[in-house]
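Build the full structure now, drawing on both the sequences and the hints.
Protein chains: 4
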Amino acid sequence: MNPTFSQIKLSHAGALQLLNTAIEKAMTMQQPQCIAIVDEGCNLLAFMRMDGAKVLSEKSAIHKAMTAASSRVPTGNTEEALAAKLAAATGGVVTNLKGGLPIILNGQVVGGIGVGSGTGNQDREVANHALAAFVGAQTFVFD
Amino acid sequence: MNPTFSQIKLSHAGALQLLNTAIEKAMTMQQPQCIAIVDEGCNLLAFMRMDGAKVLSEKSAIHKAMTAASSRVPTGNTEEALAAKLAAATGGVVTNLKGGLPIILNGQVVGGIGVGSGTGNQDREVANHALAAFVGAQTFVFD
Amino acid sequence: MNPTFSQIKLSHAGALQLLNTAIEKAMTMQQPQCIAIVDEGCNLLAFMRMDGAKVLSEKSAIHKAMTAASSRVPTGNTEEALAAKLAAATGGVVTNLKGGLPIILNGQVVGGIGVGSGTGNQDREVANHALAAFVGAQTFVFD
Amino acid sequence: MNPTFSQIKLSHAGALQLLNTAIEKAMTMQQPQCIAIVDEGCNLLAFMRMDGAKVLSEKSAIHKAMTAASSRVPTGNTEEALAAKLAAATGGVVTNLKGGLPIILNGQVVGGIGVGSGTGNQDREVANHALAAFVGAQTFVFD
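Residue numbers (this note's numbering), protein chains in the order written: chain A, 13 to 155; chain B, 13 to 155; chain C, 13 to 155; chain D, 13 to 155.
Note that these hints are calculated values from the structure, not bench results.
Do not rely on the hints blindly, as some may be mistaken.
Below, in silico cross-link-like pairs of lysine to any residue (SDA-like), each with a Cα-Cα straight-line distance of 25 angstroms or less [as the list claims (entries may be wrong)]:
| hint | chain 1 | residue 1 | chain 2 | residue 2 |
| --- | --- | --- | --- | --- |
| 1 | B | Lys21 | B | Met39 |
| 2 | D | Lys71 | B | Gly103 |
| 3 | B | Lys71 | B | Leu94 |
| 4 | D | Lys21 | B | Gly148 |
| 5 | B | Lys21 | C | Asp63 |
| 6 | D | Lys66 | D | Asn133 |
| 7 | D | Lys21 | B | Met39 |
| 8 | B | Lys71 | A | Thr102 |
| 9 | C | Lys97 | D | Lys71 |
| 10 | C | Lys97 | C | Cys54 |
| 11 | B | Lys66 | C | Gln29 |
| 12 | A | Lys21 | A | Arg84 |
| 13 | D | Lys66 | A | Asp63 |
| 14 | D | Lys21 | D | Met39 |
| 15 | B | Lys66 | C | Asn55 |
| 16 | B | Lys71 | B | Gln29 |
| 17 | D | Lys21 | A | Asp63 |
| 18 | D | Lys21 | B | Gly119 |
| 19 | A | Lys21 | A | Met39 |
| 20 | D | Lys71 | D | Pro44 |
| 21 | A | Lys21 | D | Met39 |
| 22 | D | Lys21 | C | Gln42 |
| 23 | B | Lys71 | B | Asn118 |
| 24 | D | Lys66 | A | Leu117 |
| 25 | C | Lys21 | C | Cys54 |
| 26 | B | Lys66 | C | Leu28 |
| 27 | D | Lys21 | B | Asn118 |
| 28 | C | Lys21 | B | Asn118 |
| 29 | B | Lys21 | A | Asp63 |
| 30 | D | Lys71 | C | Thr102 |
| 31 | B | Lys21 | C | Gln43 |
| 32 | A | Lys21 | D | Lys71 |
| 33 | C | Lys97 | C | Gly53 |
| 34 | D | Lys71 | C | Ala101 |
| 35 | D | Lys71 | A | Cys54 |
| 36 | B | Lys21 | D | Ser23 |
| 37 | B | Lys71 | B | Phe152 |
| 38 | A | Lys97 | B | Glu36 |
Keep in mind the model is a prediction, meaning the values are calculated, not measured.
Following this line, the structure appears as structure tokens:
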């Protein structure tokens, strides 16, 4: 086996673009949001708390982004009993709140976007919109 | 868009008044309380643990005040499964215990008051009483 | 030996008086302060962040009060190398910043008062003034 | 005394402008940076980790911004022994690393900007440049 492999990384220009399109969408929806973007290592790349967004959504938005980047699937679909155990085992970092989506380019997870302050459905709508505006990024269909 | 906006802040004189009226009410009810007042940024402004109040209610009273200031609605009305996820994702700061009320002046949230040591209904009665005695503050009706 | 002993406790009325006289003094000095009062168990009794006081002095004011209540002497006089070890070993709770004074009534430590946002000398002047206005409380002389 | 007072708050549009000008400056200097902007309550408003910036500078950039917003002066000028005690007493949040500047508009502190990954002098040069491009913001002169 090879001792190394190549990883696509999201640049700060890419993160800024995701941030800007998420902000625009949230303004159109008239629902201020906290928006967090992390890389594939779950480290924070970009963050914005919009005017009127909940102060305490900073942490949950970041945790949503981290959870999606790590699990590689949207947050909010884990069976409840398992979700509670995962949250406890990770000090609350792994969250099953809706609003976290993995950022997937050419089938490779390059990070996660987490949105919080609205309803769970609003949060993931904003996140999904930002992905839709990002060339090559996978988007998600929710029930 | 404007680079700034204006925000009403609660002064320490205002916080002291809320604290004093909450203490008076709790004494009338003969239910000692922990009482916390935070500003709109969820930072602690004022706190009192009354004689006989529960030592461990310090943290929960502060978290109630923070939750109400951030969410802008009374604590205790969130659906249980969502509340558990929000608590986990924020290290327990976002709480669904009754007894946290937003402090709303002229339609603007300027902070939160959190009360704890009694029953949930007693806690929010004390918080609501303090708001009722504060000129211009919104009060709440509970079932 | 007796299985129990008696402890004088500071009431919330006493804590409120200390808070009020500290606030008055700080206003006279035109130096807004964070003021914390803890009981002999180092648990928070009362707190106030005055208008214009430093947000980040909340934690340090509380830690000063806790340190003084526990050590039973004013903060700020520990030899530097020892102080650094004590701070490290207690997660920063034991602090050698000036501005923490024990509350001593009839020779018994009933708690601590911690003040922060000004210079160390201003901080302990406010704390000492609050003690001077409290009947029976020991005050301190600083160089 | 008045129960409230008025405070200027930095909008997310203002925070985004500071972020963008800081990024531009850092690119011109060819020194990638972590850039954090907090409001006057020390809560995070905006953050960016540029390509090549140090992962572990996330926390220090945020702490620089918080320290400057709370103390209302640039970080890095505190006497060393005092700085060490302040850091310990606040769990490392209050930092004396260079690179944190208060955001002062019309004489009112509305937040702080913290920059980290370069040398201390590079960090504060980027922060100061962002302030210089912000209409009405105070800038700083360093030796």
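Each hint, compared with the structure:
no.: 1; hint: Lys21(B) x Met39(B); verdict: violated, 28 angstroms
no.: 2; hint: Lys71(D) x Gly103(B); verdict: holds, 18 angstroms
no.: 3; hint: Lys71(B) x Leu94(B); verdict: holds, 21 angstroms
no.: 4; hint: Lys21(D) x Gly148(B); verdict: holds, 22 angstroms
no.: 5; hint: Lys21(B) x Asp63(C); verdict: holds, 9 angstroms
no.: 6; hint: Lys66(D) x Asn133(D); verdict: holds, 16 angstroms
no.: 7; hint: Lys21(D) x Met39(B); verdict: violated, 38 angstroms
no.: 8; hint: Lys71(B) x Thr102(A); verdict: holds, 21 angstroms
no.: 9; hint: Lys97(C) x Lys71(D); verdict: holds, 23 angstroms
no.: 10; hint: Lys97(C) x Cys54(C); verdict: holds, 20 angstroms
no.: 11; hint: Lys66(B) x Gln29(C); verdict: holds, 21 angstroms
no.: 12; hint: Lys21(A) x Arg84(A); verdict: holds, 15 angstroms
no.: 13; hint: Lys66(D) x Asp63(A); verdict: violated, 29 angstroms
no.: 14; hint: Lys21(D) x Met39(D); verdict: violated, 28 angstroms
no.: 15; hint: Lys66(B) x Asn55(C); verdict: holds, 11 angstroms
no.: 16; hint: Lys71(B) x Gln29(B); verdict: holds, 21 angstroms
no.: 17; hint: Lys21(D) x Asp63(A); verdict: holds, 9 angstroms
no.: 18; hint: Lys21(D) x Gly119(B); verdict: holds, 17 angstroms
no.: 19; hint: Lys21(A) x Met39(A); verdict: violated, 28 angstroms
no.: 20; hint: Lys71(D) x Pro44(D); verdict: holds, 16 angstroms
no.: 21; hint: Lys21(A) x Met39(D); verdict: holds, 18 angstroms
no.: 22; hint: Lys21(D) x Gln42(C); verdict: holds, 24 angstroms
no.: 23; hint: Lys71(B) x Asn118(B); verdict: violated, 29 angstroms
no.: 24; hint: Lys66(D) x Leu117(A); verdict: holds, 24 angstroms
no.: 25; hint: Lys21(C) x Cys54(C); verdict: holds, 12 angstroms
no.: 26; hint: Lys66(B) x Leu28(C); verdict: holds, 18 angstroms
no.: 27; hint: Lys21(D) x Asn118(B); verdict: holds, 18 angstroms
no.: 28; hint: Lys21(C) x Asn118(B); verdict: violated, 41 angstroms
no.: 29; hint: Lys21(B) x Asp63(A); verdict: holds, 16 angstroms
no.: 30; hint: Lys71(D) x Thr102(C); verdict: holds, 21 angstroms
no.: 31; hint: Lys21(B) x Gln43(C); verdict: holds, 19 angstroms
no.: 32; hint: Lys21(A) x Lys71(D); verdict: holds, 21 angstroms
no.: 33; hint: Lys97(C) x Gly53(C); verdict: holds, 22 angstroms
no.: 34; hint: Lys71(D) x Ala101(C); verdict: holds, 22 angstroms
no.: 35; hint: Lys71(D) x Cys54(A); verdict: holds, 14 angstroms
no.: 36; hint: Lys21(B) x Ser23(D); verdict: holds, 16 angstroms
no.: 37; hint: Lys71(B) x Phe152(B); verdict: holds, 23 angstroms
no.: 38; hint: Lys97(A) x Glu36(B); verdict: violated, 43 angstroms
The structure does not agree with the numbered hints 1, 7, 13, 14, 19, 23, 28, 38 stated previously, though it agrees with the rest.
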